Amino acid sequence: MSPDQKNEAGFTFTIDGVEVTARAGQTILEAADEAGIYIPRLCDHEGLRHQGSCRVCTVKAGGRSVAACTQPAEAGQTVENETAHLTKMRRDLVEMLFHEGNHLCPICEASGNCELQAMAYRLDMTDATRFPYLEPCRAVDATHPDIALDTNRCISCGRCIRASQDVDGKGVFGYVGRGIHRRVAVNGDNLADTDAEVTDHAISSEVCPVGCIIRKRVGFATPIGERKFDKGLIGHEIEEKRK
Amino acid sequence: MENGQSSVSRDAASTGEVSAVPAADITAICAAFDNDSHRMLDILRTVQDRFRCIAPSTMDAIAAQTGLTRIEVEGVASFYSFLSLTPRGRVTIRLCDDIVDRFTGLADVTAAFEDVLGIGIGETSADGAFSLEYTPCIGMCDQAPAAMINDVLLVGLTPQSARSAAEALMAGKTPEHLISDRFDELSPQERANRMVENNIRHAGEVLLGPVPADAGLAKAVEMAPAQIITAIEDSGLRGCGGAGFTTGRKWRFAAAETAEKHYVICNADEGEPGTFKDRVLLTERPHLLIEGMTIAARAVGAREGILYLRGEYVYLRPLLEEVLEQRRRRGLLGESILGIEGFDFDIRLQLGAGAYICGEEGALISSCEGLPGEPKTRPPFPVNRGYLGFPTVVNNVETFCHAARILDRGAGWFHAMGTEGSHGTKLFSICGDCLNPGIYELPYGHSVWDILEMASGQEAAAVQIGGPSGTMIARDSFDRKLTFDDLATGGAIIIFNGDRNILEIVEYYMSFFVHESCGYCTPCRVGNVFLQKAIAKFRKGLANPDDIDYLKDLSATIIETSRCGLGMTSPNPILSTLQNFPLVYSAVSKPSKDGIRDTFDIQSAIDSARKIAKRRSYLYDRDFTK
Chain A
1 MSPDQKNEAG
11 FTFTIDGVEV
21 TARAGQTILE
31 AADEAGIYIP
41 RLCDHEGLRH
51 QGSCRVCTVK
61 AGGRSVAACT
71 QPAEAGQTVE
81 NETAHLTKMR
91 RDLVEMLFHE
101 GNHLCPICEA
111 SGNCELQAMA
121 YRLDMTDATR
131 FPYLEPCRAV
141 DATHPDIALD
151 TNRCISCGRC
161 IRASQDVDGK
171 GVFGYVGRGI
181 HRRVAVNGDN
191 LADTDAEVTD
201 HAISSEVCPV
211 GCIIRKRVGF
221 ATPIGERKFD
231 KGLIGHEIEE
241 KRK
Chain V
1 MENGQSSVSR
11 DAASTGEVSA
21 VPAADITAIC
31 AAFDNDSHRM
41 LDILRTVQDR
51 FRCIAPSTMD
61 AIAAQTGLTR
71 IEVEGVASFY
81 SFLSLTPRGR
91 VTIRLCDDIV
101 DRFTGLADVT
111 AAFEDVLGIG
121 IGETSADGAF
131 SLEYTPCIGM
141 CDQAPAAMIN
151 DVLLVGLTPQ
161 SARSAAEALM
171 AGKTPEHLIS
181 DRFDELSPQE
191 RANRMVENNI
201 RHAGEVLLGP
211 VPADAGLAKA
221 VEMAPAQIIT
231 AIEDSGLRGC
241 GGAGFTTGRK
251 WRFAAAETAE
261 KHYVICNADE
271 GEPGTFKDRV
281 LLTERPHLLI
291 EGMTIAARAV
301 GAREGILYLR
311 GEYVYLRPLL
321 EEVLEQRRRR
331 GLLGESILGI
341 EGFDFDIRLQ
351 LGAGAYICGE
361 EGALISSCEG
371 LPGEPKTRPP
381 FPVNRGYLGF
391 PTVVNNVETF
401 CHAARILDRG
411 AGWFHAMGTE
421 GSHGTKLFSI
431 CGDCLNPGIY
441 ELPYGHSVWD
451 ILEMASGQEA
461 AAVQIGGPSG
471 TMIARDSFDR
481 KLTFDDLATG
491 GAIIIFNGDR
501 NILEIVEYYM
511 SFFVHESCGY
521 CTPCRVGNVF
531 LQKAIAKFRK
541 GLANPDDIDY
551 LKDLSATIIE
561 TSRCGLGMTS
571 PNPILSTLQN
581 FPLVYSAVSK
591 PSKDGIRDTF
601 DIQSAIDSAR
611 KIAKRRSYLY
621 DRDFTK
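Chains as they are written, first to last, in the numbering used here: chain A, 1 to 243; chain V, 1 to 626.
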């Protein structure tokens, strides 16, 4: 939302009983972010179009389950966010993503910076998981001099696709396939065949939430223990706005 | 197949490029569609039909012509089942792999094709002549087993007829000539009727009885658009595709939008397994359908329309194109319809390419726009911002046909039929274990028993109402009524007798949803795979009583968090059978004696370790010391 829109008449609604102010055209998640209320999300990322695909931001708005990132806020609406029921739904979704790919945290360079891992901690995914592992076996694309791609760790959030299209103006990534075979692929035979550069926003450490897009030669520059989510739960920056 | 290993086809495509398509051909094909990226599905269908494959170099050329990136083209090409990144045979044989086909001898028919052609399912012959594959329901459940041979339909197959068809193809006969030696001389209507039976068992008053030509349109042009909408609202007509939204309201919302353009789209993508009613309307009442679309166009102020025909019904394309052309010639389509200044409306036919999800309104619009068939984020709704961002009415084939009849005979006439909240008649497509499968046009409100009597299927042990995304009911519920408020259906009624294995049906339906999920959202993409695997455990006798709770729990998450109707209904085969056939599940699940799950097999679990260590296990290989 651009600042000039702040002049538009605001309205209020509640999230878990807290009154939140929103402007016309804002989604529930946008209004919540501004108000310092964190709604968990994986496919949504600041500065990128909303996609509504991971469903982790599912909230109950007026009793109906919707994706907060794409659902417009409405005046007087009652939104539930951190209920035991919704946390359970979100934990199931995060668990599905863990089981869809190969997420072996102890050997992954993204550990500690990984939003999927951090979300599992936040949602208290501590019990033994119930789902079967799908164990994909896709070739790692290390053709590019500065970037490697391990799509076995991809969670199909599509943040790299939108960042490349909308921020970098390139279109390095895209989805191919359907259903369980749907996945992120590159615009060419391999990554070296594309115009991807390590300086692209799509390649930056903040866009890929997991360890799928790897920048070569910088691994473990920040030691385990001093990484992003070693300092606080995912979402704490947003929640600190309220304090 | 059902796990995440999907790199095979892409890798094969990049290495197995056999025939480079001349660049001039690609340029010409793209130019025929104005190099418009919104016509990507037409472009790719044309390339596929002519060159049997959409290779990476072809995608590069198409991307250059249409101003897209290759990955965008690949995203479309890899989404639809009827498009292929690797070469398919010049004759592609798609055997319908619906559960009804399985129960009527599909295995033997498959064996006959495999034997004669010398290839298995999923294979292409070395000379590139033939491909053989399975495809989900092609809308022929009343005459199963059925097959698509390129654009030709074969129905009521037996091992003998399959064998002779395959032998004729091997001997060089074209698929068309399997239907008739004089195929080229037949009219499109004759061709359709030669290929596929209508099986109209009961003609009702509205659609399948006598219908005067364009009587509804004649009335509509005398009325103001607002009056047309009021008539449709007063009739009580609700969408006949399954969701049952009030048609008049949909038209009113679209008409109320101020926009440069409005669109009317017909959803002829009936893909719900066991549904084939629109096939019969498209064959027997195509003029009534176009009449209904034209009336809708007048009501909402649309000048352009799209008839989205499922790829499986490609055999009806010549018939529908002929009907559109006839109507243009007769002044019923095009500019100044019926001589009325400013009443301009024309329709283009959009072929699908094998994707059940495209029956979902937003996915259908995506597909018309040349995109992968992914549902759109709602809001905005299609009536506000649909096709290319313009207000769009999307209705089912049957809904448009009803609308035309309502304009002719009046809202009161239609409203008086059926029951409160479910007005008029409905086409039911009845198949499975009965003597008279086919189409029944009946007023809403009949019981399931009535239907079974009419179709001679009283032996039924289970009836699937509304296809896999509907409900499966047992004999104690056969007095329930077919209405929107009790048993709602887009038309599919599938009858199963006591010899059928309920869990086999459920497992098939879950594999269908796994195959047809678009993959956009997590719960539908991943959750359905887990449901399918869980049902497989029951089928193998490896389930615990806990697994019943697991099925319910996982289903609830998928239903609550999925983005569109597919995921919101895909667990229904499991949930409705758990509720109505609980003994089926409890009979095959047993508590574990030692607390170890039956699915855990220590021998296979340590097998890879044995291979890596190149020795046997001290603990689990008892004969180690010998």
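Quick caveat, the hints were computed from the structure, so don't treat them as lab data.
Since the model is a prediction, treat every value here as computed from it, not as a measurement.
Glycine included, each C-beta is placed from N, C-alpha and C at the ideal position.
Wrong hints could be hidden among the right ones.
Said to hold, decoys possible - Taking lysine to aspartate or glutamate pairs in the EDC-like style, the calculated list, with each CA pair at most 20 Å apart, reads:
#1 K88(A) x D553(V)
#2 K533(V) x E95(A)
#3 K540(V) x E504(V)
#4 K88(A) x D549(V)
#5 K60(A) x D60(V)
#6 K88(A) x E504(V)
#7 K170(A) x D193(A)
#8 K170(A) x D127(V)
#9 K88(A) x E560(V)
#10 K533(V) x E135(A)
To be verified - If you want the footprint, here are the derived chain V segments under chain A, 3+ residues with CB under 8 Å:
#11 398-407
#12 509-516
As the list claims (entries may be wrong) - Quick list of the computed label-pair ranges, beta carbon to beta carbon:
#13 R49(A) x E257(V): 22 to 28 Å
#14 D230(A) x A32(V): 28 to 34 Å
#15 D601(V) x G225(A): 57 to 63 Å
#16 D16(A) x E222(V): 34 to 40 Å
#17 G67(V) x T87(A): 42 to 48 Å
#18 D127(V) x R215(A): 43 to 49 Å
#19 G225(A) x P380(V): 45 to 51 Å
Hint check results:
1. Distance hint between K88(A) and D553(V) is fulfilled; the C-alpha atoms sit about 10 Å from each other, no more than 20 Å.
2. Proposed proximity of K533(V) and E95(A) is supported: the alpha carbons are some 16 Å apart, at most 20 Å.
3. At most 20 Å may separate the alpha-carbon atoms for a hinted pair to count; K540(V) and E504(V) meet this at roughly 11 Å.
4. A threshold of 20 Å between alpha carbons decides the hint, and for K88(A) with D549(V) the separation of about 15 Å falls inside it, so the pair holds.
5. The suggested pairing of K60(A) with D60(V) is violated, with an alpha-carbon distance near 44 Å, which exceeds 20 Å.
6. Of the supplied pair hints, the one linking K88(A) and E504(V) is violated, its CA atoms being roughly 31 Å apart against a limit of 20 Å.
7. Taking the CA atoms of K170(A) and D193(A), the gap is about 13 Å. The hint holds against a cut of 20 Å.
8. Among the hinted pairs, K170(A) with D127(V) is inconsistent with the structure: their alpha-carbon atoms are about 40 Å apart, more than 20 Å.
9. A hinted pair counts as satisfied when its Cα atoms are at most 20 Å apart, and K88(A) with E560(V) qualifies at roughly 12 Å.
10. At most 20 Å may separate the alpha-carbon atoms for a hinted pair to count; K533(V) and E135(A) meet this at roughly 14 Å.
11. Taking a C-beta to C-beta cut-off of 8 Å, the stretch 398-407 of chain V contributes 0 residues in contact with chain A, too few for the three needed, and the coverage statement is violated.
12. Counting residues of the stretch 509-516 of chain V whose CB lies closer than 8 Å to any CB of chain A gives 3, so the stated coverage by that chain holds, three being the minimum.
13. The hint said 22 to 28 Å for the Cβ distance between R49(A) and E257(V), and at roughly 23 Å that hint holds.
14. In this structure, D230(A) and A32(V) break the distance hint of 28 to 34 Å, their C-beta atoms being roughly 59 Å apart.
15. The hinted window of 57 to 63 Å between D601(V) and G225(A) is violated, with their beta carbons roughly 39 Å apart.
16. Taking 34 to 40 Å as the suggested C-beta distance range, the pair D16(A) and E222(V) does not conform, at roughly 57 Å.
17. For G67(V) paired with T87(A), a C-beta distance near 45 Å keeps the hint of 42 to 48 Å intact.
18. At roughly 48 Å, the beta-carbon separation of D127(V) and R215(A) lies within the given 43 to 49 Å, and the hint holds.
19. In this structure the hint that G225(A) and P380(V) lie 45 to 51 Å apart at CB holds, the actual value being about 47 Å.
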